[in-house]
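*Asks:* Chain by chain, the residues run as shown.
Protein chains: 2
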Amino acid sequence: MTIAKKIKSSISQSSMIRKMFEEGILLKKKYGADKVYDFSLGNPNVEQPGEFKRELIKLAAEIIPLKHGYTPNAGYSETRQAIAGKISRTTGLKMSADHIVMSCGAGGALNVIFKALLDPGDEVIVLKPFFVEYPFYIENYGGVIKYAQTKTDFSLDIAAISKAINRRTKAIIINSPNNPTGKVYSKKNIAELARLLKEKGRAYNKAIYLISDEPYAEIVFDGVTVPSVLKAYPNSIVAYSYSKTLSLPGERIGYIAVNPKIHEADNLISALILCTRIMGFVHAPALMQRIIARLQDVAVDVKVYQKKRDLLCAGLAKAGYKFVKPQGAFYLFVKSPIPDDVKFVKILLQKNILAVPGSGFGGPGYFRIAYCVDDATIVNSMKGFAEANKESA
Amino acid sequence: MTIAKKIKSSISQSSMIRKMFEEGILLKKKYGADKVYDFSLGNPNVEQPGEFKRELIKLAAEIIPLKHGYTPNAGYSETRQAIAGKISRTTGLKMSADHIVMSCGAGGALNVIFKALLDPGDEVIVLKPFFVEYPFYIENYGGVIKYAQTKTDFSLDIAAISKAINRRTKAIIINSPNNPTGKVYSKKNIAELARLLKEKGRAYNKAIYLISDEPYAEIVFDGVTVPSVLKAYPNSIVAYSYSKTLSLPGERIGYIAVNPKIHEADNLISALILCTRIMGFVHAPALMQRIIARLQDVAVDVKVYQKKRDLLCAGLAKAGYKFVKPQGAFYLFVKSPIPDDVKFVKILLQKNILAVPGSGFGGPGYFRIAYCVDDATIVNSMKGFAEANKESA
Numbered sequence: 000m001t002i003a004k005k006i007k008s009s010i011s012q013s014s015m016i017r018k019m020f021e022e023g024i025l026l027k028k029k030y031g032a033d034k035v036y037d038f039s040l041g042n043p044n045v046e047q048p049g050e051f052k053r054e055l056i057k058l059a060a061e062i063i064p065l066k067h068g069y070t071p072n073a074g075y076s077e078t079r080q081a082i083a084g085k086i087s088r089t090t091g092l093k094m095s096a097d098h099i100v101m102s103c104g105a106g107g108a109l110n111v112i113f114k115a116l117l118d119p120g121d122e123v124i125v126l127k128p129f130f131v132e133y134p135f136y137i138e139n140y141g142g143v144i145k146y147a148q149t150k151t152d153f154s155l156d157i158a159a160i161s162k163a164i165n166r167r168t169k170a171i172i173i174n175s176p177n178n179p180t181g182k183v184y185s186k187k188n189i190a191e192l193a194r195l196l197k198e199k200g201r202a203y204n205k206a207i208y209l210i211s212d213e214p215y216a217e218i219v220f221d222g223v224t225v226p227s228v229l230k231a232y233p234n235s236i237v238a239y240s241y242s243k244t245l246s247l248p249g250e251r252i253g254y255i256a257v258n259p260k261i262h263e264a265d266n267l268i269s270a271l272i273l274c275t276r277i278m279g280f281v282h283a284p285a286l287m288q289r290i291i292a293r294l295q296d297v298a299v300d301v302k303v304y305q306k307k308r309d310l311l312c313a314g315l316a317k318a319g320y321k322f323v324k325p326q327g328a329f330y331l332f333v334k335s336p337i338p339d340d341v342k343f344v345k346i347l348l349q350k351n352i353l354a355v356p357g358s359g360f361g362g363p364g365y366f367r368i369a370y371c372v373d374d375a376t377i378v379n380s381m382k383g384f385a386e387a388n389k390e391s392a
Numbered sequence: 000m001t002i003a004k005k006i007k008s009s010i011s012q013s014s015m016i017r018k019m020f021e022e023g024i025l026l027k028k029k030y031g032a033d034k035v036y037d038f039s040l041g042n043p044n045v046e047q048p049g050e051f052k053r054e055l056i057k058l059a060a061e062i063i064p065l066k067h068g069y070t071p072n073a074g075y076s077e078t079r080q081a082i083a084g085k086i087s088r089t090t091g092l093k094m095s096a097d098h099i100v101m102s103c104g105a106g107g108a109l110n111v112i113f114k115a116l117l118d119p120g121d122e123v124i125v126l127k128p129f130f131v132e133y134p135f136y137i138e139n140y141g142g143v144i145k146y147a148q149t150k151t152d153f154s155l156d157i158a159a160i161s162k163a164i165n166r167r168t169k170a171i172i173i174n175s176p177n178n179p180t181g182k183v184y185s186k187k188n189i190a191e192l193a194r195l196l197k198e199k200g201r202a203y204n205k206a207i208y209l210i211s212d213e214p215y216a217e218i219v220f221d222g223v224t225v226p227s228v229l230k231a232y233p234n235s236i237v238a239y240s241y242s243k244t245l246s247l248p249g250e251r252i253g254y255i256a257v258n259p260k261i262h263e264a265d266n267l268i269s270a271l272i273l274c275t276r277i278m279g280f281v282h283a284p285a286l287m288q289r290i291i292a293r294l295q296d297v298a299v300d301v302k303v304y305q306k307k308r309d310l311l312c313a314g315l316a317k318a319g320y321k322f323v324k325p326q327g328a329f330y331l332f333v334k335s336p337i338p339d340d341v342k343f344v345k346i347l348l349q350k351n352i353l354a355v356p357g358s359g360f361g362g363p364g365y366f367r368i369a370y371c372v373d374d375a376t377i378v379n380s381m382k383g384f385a386e387a388n389k390e391s392a
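These protein sequences, in sequence, are chains A and B.
Take 0 as the starting number for the first sequence in numbering that gives the first Met the number 0 and just add one per residue.
Take 0 as the starting number for the second sequence in numbering that gives the first Met the number 0 and just add one per residue.
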């Protein structure tokens, strides 16, 4: 066979979402893009903050020796220092540049973390519903996934997580604000998780790592803030991306932040740096490293997303849909009016609405709406949503 | 244990080069950077062409919707089209955008290729001396490395390669112009390799892939050109990077070019795109994709490197060193005056000269000089080189 067996099977598994994507392209060709309501992709549509544009223009013209040359594998120390400083200020922890490894977005960060941590057969707990890429990221390195269900409000179910832990458990990955649910775990909920992981760590005499995937950390509404896992639990690692904070997912820039108190910190940091190198990332893109160092306190206007959320939630509630109102990210995970979410998404497709079945996220009976779209798309889609709900009743 | 066993052992293996690197930093602190002759790293010191700077400044200011948003996993079609067009023009092959997958440099490209191709136990032939990262890139995906020695002039030894091929052989990786030797394989030599691979492919009834790592393809001297492997052999894949052509290794931009006639082309291309996604690259950096689309016929002035090569070769020959004069890249692989290259590199270190032992490249008895440095570094290092040779006699 030409390609690796594992990859061959992954391609055929991926084909459902791809088919949806391709049908969307056909629909847009047929009816015009403005007549198709595409809620399928989490590609931020809010423009970059003015500060980003200004810094990019400035930096493009600046004369700096080897401006586009290799950086250290961990990234520029100035950039890592700026990030460590910000985390120290906001959490009160003593982070230094040494605890930061720059990455190609959160996707790159998570792959580097799993590569550094996992021996084949090591188990990683994934909470349902989950970001579709996690299973790939874990299985890339021979990790075994143990699923645990979240509660009906999508908060952490500590008892379910407790049941999933055993002596082979190496880590748990959480994502708050969550894709696909928009859930932000409360400080209390995170504290309960930390207590459980400490308890289990003692019982099995090992460190159980808490990997927190936080690309949406700044995309929060109603005055909510995302509690710091670094403060809550020593064996914690954060994967961060500027993709959403600065609306630049295409530029592949993020970081790994390692808790200064983590078990075998030096070894782990060396491993993360080595993995960044040998996986072919080599290091995060140089120009973007320089820019984000200057933009630690800048973010897109989250009120724009909040308004979209409110518009969407009000419209869907009126159309008779059931959902938990999210406090972050730009996703809504809606209860499908019929149990078969794949079938319901096909009904939506007949109304020129593109959504993703919850089954793809390990959440059957739901569908995901990515509302990082024009307000008009939200408003104009409501007729179709109402009809689809009615017809499936 | 905290980190993966495999990574733990890789860290300790990597420590020799790191020690050298750290000693270099100490030396520079002690004597001043201008008194230390650092030939250890292949970080291009020739500035980006003016066209790059102009396009970057222009593009930074341009208003393009979702300019920094996600691109397709394979990359922008305009960029892939531009690259396919250039390859078609220079080779006469019919390449289309579909045959190009954008990558995070050649390092990213090679990891994606190996991930897509290799089942655990599949063998990959690596030619000695080799780029230090190849063993990592192959073992990342459970591949098994089979080494074959090149000839004393560093050309392909077809008989040695033939001996290394068996029914488990999935691919061979070549690198021309070569790191660490600067060798450019001749058209005849490539044709001989293609003939062998076809013969062996028929004998084992399978495709043996020729992976050609070509980041230095434009860095060639004396009117030499790099023969196209795509033209020479159908089952060929090129990994390319703009790191050296445009002097921007920090920006992580390159591509994979798949031969249109390759075995199971569609499957392979789907696999490369999927692997780009699930390994966390997601896609190559967006801004750089746009820029290189506009710079397909631009390259740094290679005469600058050629002059450095001539300066270095003349100086070292006068100091009594033996080497094969390279026709490309910016490396010189010099015969160590004593058999123990690690020991000789330590002698050079006493002269404040940083070089890398050939042992690290699978070429014991040699040392590597990366001459992408100021001319003054080359000139001023000659006294130390001469003394080191004399003292070790």
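Just so you know, these hints were derived from the structure itself, not from any lab.
Since we're looking at a predicted model, the values are computed, not measured.
Among the hints, erroneous ones may be present.
To be verified - The calculated lysine to aspartate or glutamate pairs, modelled on DMTMM-like cross-linking and capped at a C-alpha distance of 20 Å, are:
| hint | chain 1 | residue 1 | chain 2 | residue 2 |
| --- | --- | --- | --- | --- |
| 1 | A | K5 | B | D373 |
| 2 | A | K321 | B | D373 |
| 3 | A | K7 | B | D265 |
| 4 | A | K7 | B | D373 |
| 5 | A | K66 | B | E138 |
| 6 | B | K66 | A | E191 |
What the hints assert, rightly or not - Rough simulated footprint, nothing fancy, chain B against chain A, three-plus residues with beta-carbon under 8 Å:
| hint | segment |
| --- | --- |
| 7 | 50-61 |
| 8 | 88-95 |
| 9 | 103-115 |
| 10 | 175-183 |
| 11 | 250-264 |
| 12 | 321-328 |
Unchecked claim - Each pair of labels, with its calculated beta carbon distance range:
| hint | chain 1 | residue 1 | chain 2 | residue 2 | range |
| --- | --- | --- | --- | --- | --- |
| 13 | B | K186 | A | E263 | 51 to 57 Å |
| 14 | A | K4 | B | A202 | 33 to 39 Å |
| 15 | A | I62 | B | S391 | 40 to 46 Å |
Positions of the beta carbon are idealized from the N, C-alpha and C atoms, including for glycine.
*Asks:* Each hint: holds or not?
*Replies:* Evaluation of the provided hints:
Restraint check for K5(A) and D373(B): not satisfied, since their Cα atoms lie roughly 48 Å apart, outside the 20 Å limit. The straight-line distance between the Cα atoms of K321(A) and D373(B) is roughly 67 Å, outside the 20 Å bound, and the hint therefore fails. Between the alpha carbons of K7(A) and D265(B) the distance comes to roughly 12 Å, so the proposed pair stays at or under 20 Å and holds. Taking the CA atoms of K7(A) and D373(B), the gap is near 48 Å; set against the 20 Å cutoff, the hint is violated.
For the given pair, K66(A) sits about 32 Å from E138(B) by alpha-carbon distance, which is inconsistent with the 20 Å threshold. Taken as a hint, the K66(B) and E191(A) pair is broken in the structure, with Cα atoms around 42 Å apart against an allowance of 20 Å. For the segment 50-61 of chain A, the stated coverage by chain B is satisfied: 6 residues place a CB nearer than 8 Å to a CB of that chain, which reaches the threshold of 3. As drawn, the segment 88-95 of chain A meets chain B at 0 residues by the rule of a beta-carbon pair under 8 Å; below three, the given contact is violated.
Counting residues of the segment 103-115 of chain A whose CB falls under 8 Å from any CB of chain B gives 10; the rule of at least 3 is met. Three residues within the 8 Å Cβ limit are the bar, and the segment 175-183 of chain A against chain B gives 0, so the coverage statement is violated. For the segment 250-264 of chain A, the proposed coverage by chain B is satisfied: 4 residues have a C-beta within less than 8 Å of a C-beta in that chain, meeting the threshold of three. Counting residues of the segment 321-328 of chain A whose beta-carbon sits less than 8 Å from any beta-carbon of chain B gives 0, not enough to reach three: the coverage restraint is violated.
In this structure the hint that K186(B) and E263(A) lie 51 to 57 Å apart at CB holds, the actual value being about 52 Å. Taking the beta carbon of each, K4(A) and A202(B) are about 23 Å apart, not inside 33 to 39 Å as hinted. As the Cβ distance of I62(A) to S391(B) is approximately 42 Å, the hint placing it in 40 to 46 Å holds.
Consistency note: the structure conflicts with the earlier hints numbered 1, 2, 4, 5, 6, 8, 10, 12 and 14.
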